[in-house]
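Protein sequences, first through last, are from chains A and B. Take any residue in the first sequence, count from 1 to its spot, add 47: that is its number in the working numbering. Take any residue in the second sequence, count from 1 to its spot, add 8: that is its number in the working numbering.
Incorrect hints may appear among the rest.
What the hints assert, rightly or not - Computed from the model, here is a short list of chain A residues facing chain B with C-beta under 8 Å:
1. Thr235
2. Val247
3. Ala248
4. Thr251
5. Ile254
Unchecked claim - Rough simulated footprint, nothing fancy, chain B against chain A, three-plus residues with beta-carbon under 8 Å:
6. 81 to 88
7. 216 to 230
Rather than coming from a laboratory, the hints here were simulated on the basis of the structure. Even glycine gets a Cβ: it sits at the ideal position worked out from N, Cα and C.
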Amino acid sequence: MMKLTPKSATLIVLVALIALSPLLFPSNFYYRVGALIFVNAIAVTGIVILTGYAGQVSLGHAGFAGIGAYACALAPVHLGVPPALAVVLGAVLSGVLAYLVGRPILRLHGYYLGVATLGFGILVTMVLTNERALTGGPDGIEVPDLGLRGLLGDLGLSLSNGQFWYFFSGLCMLIGAWIALNLYDSPTGRALRALHGSEVAARTVGIDVARLKLRAFVISAVYASVSGSLLALQNRFVTPDVAGFMHSIEMVTMAVLGGVGSVLGAIFGAAILTLLPQVLTVFAEYEQMVLGLVMILVMIFLREGLLPSILKKLRGKDE
Amino acid sequence: MSALLSIEGLGIGFGGLRAVDDVSFSVRAGEILSVIGPNGAGKTTLFNMISGVYRPDAGRVTLDGQDVTAMEPHLLARRGLSRTFQNLQIFQSMSVLDNAIAGYHLRESGSVLADLLALPASRRRARDAEAGARALLARVGLERAAEREAGNLSYGALKRLEIARALALDPKVLLLDEPAAGCNAVETEEIDHLIAEVAASGVAILLVEHDMKLVMRISNHIVVLDHGEKIAEGDPATVSRNPAVIAAYLGTEEAPHADG
Numbered sequence: 048m049m050k051l052t053p054k055s056a057t058l059i060v061l062v063a064l065i066a067l068s069p070l071l072f073p074s075n076f077y078y079r080v081g082a083l084i085f086v087n088a089i090a091v092t093g094i095v096i097l098t099g100y101a102g103q104v105s106l107g108h109a110g111f112a113g114i115g116a117y118a119c120a121l122a123p124v125h126l127g128v129p130p131a132l133a134v135v136l137g138a139v140l141s142g143v144l145a146y147l148v149g150r151p152i153l154r155l156h157g158y159y160l161g162v163a164t165l166g167f168g169i170l171v172t173m174v175l176t177n178e179r180a181l182t183g184g185p186d187g188i189e190v191p192d193l194g195l196r197g198l199l200g201d202l203g204l205s206l207s208n209g210q211f212w213y214f215f216s217g218l219c220m221l222i223g224a225w226i227a228l229n230l231y232d233s234p235t236g237r238a239l240r241a242l243h244g245s246e247v248a249a250r251t252v253g254i255d256v257a258r259l260k261l262r263a264f265v266i267s268a269v270y271a272s273v274s275g276s277l278l279a280l281q282n283r284f285v286t287p288d289v290a291g292f293m294h295s296i297e298m299v300t301m302a303v304l305g306g307v308g309s310v311l312g313a314i315f316g317a318a319i320l321t322l323l324p325q326v327l328t329v330f331a332e333y334e335q336m337v338l339g340l341v342m343i344l345v346m347i348f349l350r351e352g353l354l355p356s357i358l359k360k361l362r363g364k365d366e
Numbered sequence: 009m010s011a012l013l014s015i016e017g018l019g020i021g022f023g024g025l026r027a028v029d030d031v032s033f034s035v036r037a038g039e040i041l042s043v044i045g046p047n048g049a050g051k052t053t054l055f056n057m058i059s060g061v062y063r064p065d066a067g068r069v070t071l072d073g074q075d076v077t078a079m080e081p082h083l084l085a086r087r088g089l090s091r092t093f094q095n096l097q098i099f100q101s102m103s104v105l106d107n108a109i110a111g112y113h114l115r116e117s118g119s120v121l122a123d124l125l126a127l128p129a130s131r132r133r134a135r136d137a138e139a140g141a142r143a144l145l146a147r148v149g150l151e152r153a154a155e156r157e158a159g160n161l162s163y164g165a166l167k168r169l170e171i172a173r174a175l176a177l178d179p180k181v182l183l184l185d186e187p188a189a190g191c192n193a194v195e196t197e198e199i200d201h202l203i204a205e206v207a208a209s210g211v212a213i214l215l216v217e218h219d220m221k222l223v224m225r226i227s228n229h230i231v232v233l234d235h236g237e238k239i240a241e242g243d244p245a246t247v248s249r250n251p252a253v254i255a256a257y258l259g260t261e262e263a264p265h266a267d268g
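Next comes chain B alone, as it looks inside the complex (with noise of 0.2 Å):
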């Protein structure tokens, strides 16, 4: 099967320093590719281009046979790609189930005039998006907080409700930012089941992710950065034997860096 995502040669600099550089590779329909790195290595900055966030000055990026380098991430998720947020970017303010909500926004969306006045096809978007969101939130385990205030939720069930808001979007490309930092050993093996889950059903899915057991338990494919260029990719068994990799992780002097 072709991929469905693919970067190549992609890379962005801040002020004379390369975040990114010449990263490639590529994820195909119900794969789960892991990108890990030491802090910093530029895994949050990759994912904010894919998803349009920034802008790359180099490279492509190719969702579903387009090119989507740089475009707009509205656009973006018209056409399928979706995502999360490392630091967390919740709607505090609504509640648990609008945040799901909002994840349906592309089809729930219509006449602004009929939202105005109420009128009953403005309803009924309104009420379908809602069955939707909330059959989402009993698949991340949230169905009880749904009329809470999110901003009142822990951490680890935001990570939970952010997942949701990206399912929502029903989408073939996945980017998932760190979706078990903060979560406890069951909410992890949860979130371990409903990525393999998704992948299962024919999503694409990139995840960063610093939990290393649940990187090799889960990816079929590893990439691995450091300080902004990709030092090795492979499945996880080739990839932690790797020297190069162990080097980087362990802090050992073999390629010294200017600004490490």
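One chain only, chain A, in its complex shape (with noise of 0.2 Å):
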């Protein structure tokens, strides 16, 4: 029998998990739910190409989160191109700012770079929330529709709203899992991994550091503002929260507490984040407090994250 590689069990995973998980819905409310977890995942796939490949930590993603967001807001109107347009417009402009933001921030290590990118972060928000004019400030903007939904009716494919965004989102969250797991077992990928473990055996192979992990700063940028954008579309509505601190941490957090080194892993902790608030909603006074211990029990007794900690345990029992 041929042996499964593990790029596409996770991709047979996360077919059938979008495939089915619809079957268990109570209600239409929870496509929506699943919307939400598949463009955080998205996002959270870009972490674990910088963080978990690379090693490098940035708190300010969602800066570019935000700027792939008001691109769809803004890019229609003002330069009257399609929404879908927007959305590359908006992936080109976080890669290429981030491309420039990069190269000096990249040389620090560990906090600074986790302060520098924080910076970044909270930059993009203050001209979010300060340019009314352009981006109608704190109280966020319309954003027009994507309309594709529309088009899949005319070919006569009529999905409700809830279930568009559903099916759609979680092609994308594919289509970015696919190219991470391609990413990992590459030679960019290796060589992301090898600077990770030791950058100063990694400079001695012939590895240039410093372009790799703006190689990669670049790319999980532009993961982040893909999603960004998926959210302001299937919104119609982004605030500059999209853009901050908070976010930032949110995406950081789901990878860490999912496994960061594993794109399945942060999937999957971008899944139970997203999950928590719905179902703690019941105890909506100690939502917060749960969150966080769940989140401080995760990283004292399971550091490798959930999802490979528990796949080890599976794994140990077997032999």
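The task is to assemble the complex, starting from two chains supplied on their own in separate frames and drawing on the hints.
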């Protein structure tokens, strides 16, 4: 029998989850929750590349999500481009900005890099909040319709808004996961993991560490940007919160909670941290507390993240 | 034959202390040159300067006729200089095979886009590197550990893995920092053969090693450092009879040092 590679196994699990979960949905509301999970998972997959593969920490990636989101709000109105193209425009802009910002700050290590990226995120939020004339300020701004659902309807495939965003975001997440998994086993991915393991050894085998870090930063920024775009398009509305500090922290937390070294783990983390608040609204007053407690416990007892730790335990029992 | 690697008057100070001062020597293709000296003599610091990890504040490093003083390590790798580390620098959470493949980075890396989309070109590059890496692992006796996580290997095995990774660059000059440390007698002998074999293929080898039997057996030329200065050099027989060398090793109060 042919052995399943981790890449195909991950993709099969994701396809099965996307396709089969709706069978368990008690109401249409859950399509909306699912779509949110997928959108978050896209940003978190980018964090896996930056932090899990390359070992660099960013506390400002929501800044790129903000750029992706506002590109979808502004480009169709001011530049007359269709929203789908605005997603691409936002991604390119985020990539270029990540390149320019990353060049100087990726020379920094550890905490310093974290603080520098934090500054970048705050800067984007401030611009979005203060440029009222363009961005609508703190009250936010409307986002045009993507138009794809209507197109599918014309072709005879009519979906509810919730269903459409569920499957469309799911597909985008799948593509994102596929790309991240391709990268893992590729020469570039190996070089990223190598510099994570030992920078000095990576340099002596010829890896241009500064350049490779920058590549990981740009790639992960594009992920965050696409995630922000999809969020804006599905909400049809966006506020500067999308670029905010809390959102940046959320991305990193999801990745670390699920397992920052593995794409599937990080997506799992995104699912849990998106779902938990929905479940915990029952105990609204304790929501933040329970969330905090879960995170603390995971970091103490399952340091590699939920999914890798669980898989390791299961495998340990087999032997 | 002219020297592949030569250093002239190389020196570096850390806060007033001259860790290495005015050291010169050169290595030809196929030659094994050993740098020996007591602990703290500046051997590893010297290696770090030659390999671009530290920036020397005096002197010159010439590689294959070109001045490469203070050049960044990844650029030196491109020019054919490769090294191992005294205190292992292994990619711990990667597989043994991936560690070895990393040594092929310069030959296997290409377009990032091809890597992201797993295009045939990217997969071909990775496959070629993997074949080469497996052959190298076999050469250092690690082929059966290929799929294991590197962090789980013994110290001696990791030393050999570092050598395999350094050889993957197909270097002209190879710097080995205590390759036999932590290895048993059998492993040391294997490393001994491996080094001789690599030198015979035309690679210039610079060796730091504490195992004197190994050094005396395989070196063509020996440079002795003490307190960062070159105190002797020559073939193994000459060096082992040199009174200054014997004094440095046995601690005779021949030349007292302020911060000994």
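Numbers of unmet hints, in rising order: Violated hint (a single one): 6; every other hint is consistent with the structure.
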